[in-house]
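Residue numbering for the sequence shown follows the working numbering, starting at 6 and increasing by one per position.
Where hints are given, some of them may not hold.
Claimed, not checked - The list that follows gives simulated cross-link-like pairs (lysine-lysine, DSBU-like), each with its CA atoms no further than 30 angstroms apart: (1) Lys287 - Lys177; (2) Lys77 - Lys135; (3) Lys363 - Lys147; (4) Lys342 - Lys77; (5) Lys177 - Lys135; (6) Lys342 - Lys135; (7) Lys95 - Lys116; (8) Lys116 - Lys147; (9) Lys112 - Lys95; (10) Lys368 - Lys95; (11) Lys147 - Lys162; (12) Lys112 - Lys147; (13) Lys77 - Lys368; (14) Lys177 - Lys95.
No wet-lab data here; the hints were simulated from the structure.
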Amino acid sequence: MITIGICDDDQTFIDQLYRILYDIMLPISDWNSRIYHSGSEVIAAIINEDFDCNLLFTDIFMDDGNGLELAKYIYEQQVDTDLIFVSSSKDYVFECYHYHTFAYLLKPLTKSDVGNEIRRYMEEMSLNTKCLNIPIRGANQKIPINTILYIESNKRKVTIHTRKADYDYYEKLDVMENLLINEGFIRCHQSYLIPISRLESYNNDNFVSLNGASRPIPVSRRYQPVIKTLFEKPASLIPAVQNSISSESDCYLTSSLQQNQTETGALICIDGAYVGAIIRIKPEQLIRIGRDGEVSDMIVNLPLVSRVHCEVIYHAAQQEYEIVDFSRNGTFVNGDKRLVQNETYLLKPGTELCFGDKSTIYKLG
6 MITIGICDDD
16 QTFIDQLYRI
26 LYDIMLPISD
36 WNSRIYHSGS
46 EVIAAIINED
56 FDCNLLFTDI
66 FMDDGNGLEL
76 AKYIYEQQVD
86 TDLIFVSSSK
96 DYVFECYHYH
106 TFAYLLKPLT
116 KSDVGNEIRR
126 YMEEMSLNTK
136 CLNIPIRGAN
146 QKIPINTILY
156 IESNKRKVTI
166 HTRKADYDYY
176 EKLDVMENLL
186 INEGFIRCHQ
196 SYLIPISRLE
206 SYNNDNFVSL
216 NGASRPIPVS
226 RRYQPVIKTL
236 FEKPASLIPA
246 VQNSISSESD
256 CYLTSSLQQN
266 QTETGALICI
276 DGAYVGAIIR
286 IKPEQLIRIG
296 RDGEVSDMIV
306 NLPLVSRVHC
316 EVIYHAAQQE
326 YEIVDFSRNG
336 TFVNGDKRLV
346 QNETYLLKPG
356 TELCFGDKST
366 IYKLG
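Assemble the whole structure, with the sequences as input and the hints as a guide.
See below:
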């Protein structure tokens, strides 16, 4: 089930977008809708803890203020949702990107445009995993919950064991259990919390073996009946539990792409045939840009774009892009400067690029 919000002060547009979403979502997934007529309505719902949208469509220009102010609020308050902007203006594409906007669509909307972004969003969400967020040395550490091997408690400290690293955090295990119990985790001991999906075996000495863990985990007498039951019937038959423990803990779960994505680069189309497109680039990922989808990762289907036009790599540590041009009609930087074919260039975020056709302009994020 996905909840999609629409925020716009034009009821006619709300009705139109709802009908488009209804037709698109019907064969894809169960969904709910939430309607807001202003950014202040959204903010009020967030403050009242009554905002549950996974994805929010919002206009930029509304009577009570700028939709960018709403985006800024959502970004600064770390609200666990994703944004798609809809606007009659192309002037804010690059600015919206900085608030981790998923997509930017120009009015008037078409069913095809909305459908492409919805399907892309659903596909990326299917690959996304919830993250456990904990503060470590003043910085927020995101730990995908599907990487957690087990959580161990020692006095006032818990250690979250993953394949790559162990994370120490001052918290009670009861709080972690309350947070993760409906995410497939179960208590097996006063000092251990384990993911059900990693259970492999349970021996007569009352230890469980977990996939990926380097040692067996003890099971205390209190939890033995429940653990044994998990080996007798599917975990899906174990009912979800609502734990009554409350806490002022600053650890929390996030599920949105905006909250869980690692640092990426991006190509943002700010003008031309693909205006509004936001193509994210993972660090050190080589992206081939060209007209031919069989050999290119990013397709720019324009007459002056070569079959393989250029290659781009984002170096996150240096905050720069490595680009090599292979094309006949050229890759242009900041207007008229043409890159020399087969030479490597390092470009900074904010640089404008054109691939052959100077009427379609991308900006490095």
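To see whether the hints hold, each was checked on the structure:
1. Lys287 - Lys177: With a Cα-Cα distance of about 35 angstroms, the restraint between Lys287 and Lys177 is violated, given a limit of 30 angstroms.
2. Lys77 - Lys135: 23 angstroms, holds
3. Lys363 - Lys147: 40 angstroms, violated
4. Lys342 - Lys77: Violated, because 34 angstroms separates the two Cα atoms, which is more than 30 angstroms.
5. Lys177 - Lys135: Roughly 21 angstroms between the alpha carbons, so the hint for Lys177 and Lys135 holds.
6. Lys342 - Lys135: Status violated; Cα separation ~44 angstroms.
7. Lys95 - Lys116: Given pair Lys95, Lys116 holds - Cα atoms ~19 angstroms apart, limit 30 angstroms.
8. Lys116 - Lys147: 35 angstroms, violated
9. Lys112 - Lys95: 10 angstroms, holds
10. Lys368 - Lys95: With a Cα-Cα distance of about 13 angstroms, the restraint between Lys368 and Lys95 holds, given a limit of 30 angstroms.
11. Lys147 - Lys162: Since the Cα atoms of Lys147 and Lys162 sit roughly 18 angstroms apart, the hinted pair holds (cutoff 30 angstroms).
12. Lys112 - Lys147: Violated - the C-alpha atoms of Lys147 and Lys112 are around 36 angstroms apart, more than 30 angstroms.
13. Lys77 - Lys368: 21 angstroms, holds
14. Lys177 - Lys95: 49 angstroms, violated
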